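Please arrange chain B on chain A, whose structure you already have, making use of the hints.
For the protein sequence lines, the chains are A and B, in the order given. For the first sequence, the positions run 791 to 1022 when this note's numbering is used. For the second sequence, the positions run 791 to 1022 when this note's numbering is used.
Hint data in this document are derived by calculation from the structure and do not stem from the laboratory. Incorrect hints may appear among the rest.
Intra- or inter-copy, both count: the list cannot distinguish identical chains.
Pairs of lysine-lysine residues, derived as DSS-like cross-links and limited to a Cα-Cα distance of at most 25 Å, are as follows [claimed, not checked]:
#1 Lys-963 to Lys-892
#2 Lys-889 to Lys-963
#3 Lys-892 to Lys-971
#4 Lys-981 to Lys-971
#5 Lys-802 to Lys-1017
#6 Lys-802 to Lys-1011
#7 Lys-971 to Lys-1017
#8 Lys-971 to Lys-889
#9 Lys-956 to Lys-981
#10 Lys-963 to Lys-1007
Values in this document were obtained by computation on a predicted structure and should not be read as measured data.
Listed below, chain by chain, are the residues.
2 protein chains.
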Amino acid sequence: MKNYDEWAHVFKLDPNKEITDEALEAVCESGTDAIIVGGTDNVTLDNTLSLFARIRRFPVTCALEVSDLEAITPGFDYYLIPSVMNSQHVSWVIGHHHKAVKEYGEIINWQELLLEGYCVLNGEARVANHANAQTDLDIEDVVAYARLAEHMYRYPFFYLEYSGKKGPIDVVKRASAVLEKTKLIYGGGIKNAADASEIAAYADVVVVGNGLYENLKEALKTVEAVKEHKCR
Amino acid sequence: MKNYDEWAHVFKLDPNKEITDEALEAVCESGTDAIIVGGTDNVTLDNTLSLFARIRRFPVTCALEVSDLEAITPGFDYYLIPSVMNSQHVSWVIGHHHKAVKEYGEIINWQELLLEGYCVLNGEARVANHANAQTDLDIEDVVAYARLAEHMYRYPFFYLEYSGKKGPIDVVKRASAVLEKTKLIYGGGIKNAADASEIAAYADVVVVGNGLYENLKEALKTVEAVKEHKCR
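The following block holds chain A by itself, in its conformation from the complex (with noise of 0.2 Å):
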């Protein structure tokens, strides 16, 4: 299991999309740090763990990002839990924790839990409404949120959420800049070995989600180009 501070390159699948044998195969066997499993419509318990255990025939890191309280299964090796720190909705920011730790608190194995200080910025993406997030933010808006994930709640993460575009790098090198302990995630938009490449230079963890279905040869290339970078 590679532990999520050495993170660098993670796939991320989504279970209500189709993935064949083979393909899954080449994602797990890519050299990538960990597959996330997650995604905003229709996740289910059903699907969560027939993913999962399709993943599980691989010696990969494997991390659940918990978006529906019904699709939390034993087994992973991480559990990360999202926090929209621009939501204009108190649920997205800690009202789904409440109700979980409710429910839960009891048997919660706390050491397996990642929080990811989430700001999402595709204003037209999926997850931006679902989320109610205010995306209309300037650079200094988003610095602010990396200092506040780091400085005062100290989580092990900050993840810039563009889902589906790329985002400007001008706020991946900003928030950077002033992320220390807390690791910088970048998702959106990364299709190939230069999008990862130009990403890798400032994120910790360059995330790749829809160019694995969209194109997955092109794909496969950003792990090598991350761990160049990174190598460097």
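For chain B alone, coordinates are given in the frame of chain A:
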């Protein structure tokens, strides 16, 4: 200066309330572990500075509980930052923090900041209305907030706020039972030694606020009552 994790008794002074020099001296020399400066209404830079300057003549630890961005001033030993965990509006959970850090992020000394996970429980109190708190909670809700504060957010403090009336001892007891590293602060309706002693059996820190404006002599006796309890 007394480190925050050694506090057992604190007095909370409201910048918007009058206190004579004699009373202030008695409070500061009472043996309490710290004075918290904070209030809900009409906290201004002027009245905060004025109270602070008077307290600083004494060698007691002094913390500012930040409620208004305009009333922040350097020189306090600690800055307590409330996050109202059961607020129904994001501004009380994270919004005010974001605004403050956007403005002052570069000059903040993060070592002096202490997060307080507030659970505001007296629906009739000004603060509940002000912070739009959902006070209709059962004991399991409160326990879940305590667990969130301890394990998920790792706040230094979890604050049971009954502001103006005494809360049920069972709530204090149950919250206390799930907290280890996070210190349990209790505030609300503590007017005399008996009140303080009862709460000190479970809370790490007993706050005496309004009581000292109502009957100073009785309020001062709470210091000894808490200390006695902790030394048993």
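Hint by hint, here is what the structure shows:
no.	hint	verdict
1	Lys-963 to Lys-892	between (38 Å within a copy, 17 Å between copies)
2	Lys-889 to Lys-963	between (35 Å within a copy, 21 Å between copies)
3	Lys-892 to Lys-971	between (29 Å within a copy, 20 Å between copies)
4	Lys-981 to Lys-971	neither (28 Å within a copy, 43 Å between copies)
5	Lys-802 to Lys-1017	within (17 Å within a copy, 54 Å between copies)
6	Lys-802 to Lys-1011	within (15 Å within a copy, 59 Å between copies)
7	Lys-971 to Lys-1017	within (20 Å within a copy, 38 Å between copies)
8	Lys-971 to Lys-889	between (28 Å within a copy, 22 Å between copies)
9	Lys-956 to Lys-981	within (9 Å within a copy, 59 Å between copies)
10	Lys-963 to Lys-1007	neither (28 Å within a copy, 58 Å between copies)
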